[in-house]
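We have chain A; now place chain B onto it with these hints.
Protein chains: 2
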Amino acid sequence: MSKPLILVTNDDGITAPGLKALVEVASQLGKVIVIAPDSPQSGMGHAITVNNPIRIDKSKVFGNIEAYTCSGTPVDCVKVGIFQLLKQKPDLIVSGINHGSNAATNVIYSGTMSAAVEGSMENIPSLGFSLDDFSHEADFIPAQHFAGILIKQALDSDFPDRICLNVNVPKLPLSELKGIKVCRQAMAFWEDRFDEREDPLGKKYYWLTGKFKDQEEADDTDMAALKNGYVSVVPVQFDMTAHHAINKINKWEL
Amino acid sequence: MSKPLILVTNDDGITAPGLKALVEVASQLGKVIVIAPDSPQSGMGHAITVNNPIRIDKSKVFGNIEAYTCSGTPVDCVKVGIFQLLKQKPDLIVSGINHGSNAATNVIYSGTMSAAVEGSMENIPSLGFSLDDFSHEADFIPAQHFAGILIKQALDSDFPDRICLNVNVPKLPLSELKGIKVCRQAMAFWEDRFDEREDPLGKKYYWLTGKFKDQEEADDTDMAALKNGYVSVVPVQFDMTAHHAINKINKWEL
Chain A
7 MSKPLILVTN DDGITAPGLK ALVEVASQLG KVIVIAPDSP QSGMGHAITV NNPIRIDKSK
67 VFGNIEAYTC SGTPVDCVKV GIFQLLKQKP DLIVSGINHG SNAATNVIYS GTMSAAVEGS
127 MENIPSLGFS LDDFSHEADF IPAQHFAGIL IKQALDSDFP DRICLNVNVP KLPLSELKGI
187 KVCRQAMAFW EDRFDEREDP LGKKYYWLTG KFKDQEEADD TDMAALKNGY VSVVPVQFDM
247 TAHHAINKIN KWEL
Chain B
7 MSKPLILVTN DDGITAPGLK ALVEVASQLG KVIVIAPDSP QSGMGHAITV NNPIRIDKSK
67 VFGNIEAYTC SGTPVDCVKV GIFQLLKQKP DLIVSGINHG SNAATNVIYS GTMSAAVEGS
127 MENIPSLGFS LDDFSHEADF IPAQHFAGIL IKQALDSDFP DRICLNVNVP KLPLSELKGI
187 KVCRQAMAFW EDRFDEREDP LGKKYYWLTG KFKDQEEADD TDMAALKNGY VSVVPVQFDM
247 TAHHAINKIN KWEL
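Chains as they are written, first to last, in our numbering: chain A, 7 to 260; chain B, 7 to 260.
It should be emphasised that the hints constitute simulated quantities derived from the structure, not laboratory data. Any given hint could be a false lead.
The list cannot tell twin chains apart, which means a pair is met if one copy fits it or any two copies do.
Stated by the list, open to error - Straight line, CA to CA, 27 Å or less: simulated DSSO-like cross-link-like pairs of lysine-lysine:
#1 26 x 257
#2 66 x 184
#3 210 x 254
#4 66 x 177
#5 217 x 93
#6 158 x 257
#7 66 x 9
#8 219 x 93
#9 9 x 219
#10 37 x 184
#11 64 x 209
#12 254 x 233
#13 254 x 95
#14 95 x 210
#15 66 x 217
#16 93 x 233
#17 219 x 254
#18 158 x 254
#19 233 x 257
#20 26 x 254
Only chain A is shown next, with the shape it has when bound in the complex (with noise of 0.2 Å):
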């Protein structure tokens, strides 16, 4: 049986301590091809490169693993994958392990998972990783050990269609983690702030930054798995209709 061909991207680009966790577990359980920003595209969300052209890069970072740079973002490296370099769809894509938790609504910003909702909307199964530390010198071994349980589940299982994974890890030791939950994506939003500063020449400029706060107290949720110990995973769809709202707004006088 020939082995599986797995995709692995990320959005902290190609130099990422993460990426190259998972490239580490994804090359156990198949064949590897990598395709990652050529440099950090955090917060991407789900954009797309429309204005300007991209470029692509052999990369000799991983050794004899194929890998690549895409100077777009992570749905374009998913893009560029499956399009340009493979001319086919991988059986697997993988993207992470990202350095800071995707869990709730921050899937929506993030490239990572994003790379990830590509992916299942070429209905190839996909799963993003996330682990709730963003320092460089972070330990990915705990992740590295779920994303390698995750991973073969997905190839061996029955993967639902057009869907993908969203896998948050908390910051703890393998010992102290209690396991896996899966889990609804939990209603916390970020509560912004901008804080002002001024540069050399007496302008004024600004840094996004704020708080997150859930706004639940359910357990069901991936929040509160993450709280717990668990690595929550989140099932991911891109059917983005309120279906609740259609009745609500056929009843306005349109």
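Same frame as chain A, but now just chain B:
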């Protein structure tokens, strides 16, 4: 009664004729503040600016109407509007009128719609408008007519919690438009292709291109409504959870 406060943004940038068309409509129905990108931001999806500072500048492009440019994405514009410029929530957010359709799965790639989704995350009634015509010289009068009807209803009616509306207008004269249809997002996808070219130094670069293909024959989708000469209105929500898949993933050996 004081006029409702309406924040107007877009993704084609402050100089786009579609923005001017929307400002004209909105300023007849409320007090308008415009915050638009200082450059085109098509295809930016739900991207936010996290690795760079943001610049905000006052603009006189709309005469007496308060207007600002923002160096960031459409979602940044909404955040800047709420948390920096207004320091309060507006009564309504409108985004567009986009030059080009954002029907079906394009909602996910669209900066126009992501600005509206960001508004819905702040629980502000939000509407994104798009005209199925990429031309700079597009005729926005039919879209303005329907934008007026929908903005009025959004202000006067009970707007469902934490949703926004994805409004798409076919490229037809007003007399040929059959009315408004409330629908669901069609399962339609891009068949991507990368156009390979060579720069003057002989190095390859690529343009993302492709064809958009509807995969459905149902008549309750936005694609069907547009094809039949209706303005499509899809209520949009941001819970990406694939609730139907939770049981299936729970059966995996995790």
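Now the hints, each set against the structure:
| no. | hint | result |
| --- | --- | --- |
| 1 | 26 x 257 | neither (53 Å within a copy, 30 Å between copies) |
| 2 | 66 x 184 | neither (37 Å within a copy, 58 Å between copies) |
| 3 | 210 x 254 | neither (44 Å within a copy, 52 Å between copies) |
| 4 | 66 x 177 | neither (30 Å within a copy, 49 Å between copies) |
| 5 | 217 x 93 | between (42 Å within a copy, 16 Å between copies) |
| 6 | 158 x 257 | between (48 Å within a copy, 14 Å between copies) |
| 7 | 66 x 9 | within (22 Å within a copy, 61 Å between copies) |
| 8 | 219 x 93 | between (42 Å within a copy, 19 Å between copies) |
| 9 | 9 x 219 | neither (43 Å within a copy, 32 Å between copies) |
| 10 | 37 x 184 | neither (30 Å within a copy, 53 Å between copies) |
| 11 | 64 x 209 | between (41 Å within a copy, 13 Å between copies) |
| 12 | 254 x 233 | between (36 Å within a copy, 24 Å between copies) |
| 13 | 254 x 95 | between (40 Å within a copy, 23 Å between copies) |
| 14 | 95 x 210 | between (47 Å within a copy, 23 Å between copies) |
| 15 | 66 x 217 | neither (39 Å within a copy, 34 Å between copies) |
| 16 | 93 x 233 | neither (42 Å within a copy, 31 Å between copies) |
| 17 | 219 x 254 | neither (29 Å within a copy, 30 Å between copies) |
| 18 | 158 x 254 | between (43 Å within a copy, 16 Å between copies) |
| 19 | 233 x 257 | between (41 Å within a copy, 23 Å between copies) |
| 20 | 26 x 254 | neither (48 Å within a copy, 30 Å between copies) |
Comparing the model with each numbered hint stated earlier shows that hints 1, 2, 3, 4, 9, 10, 15, 16, 17, 20 do not hold.
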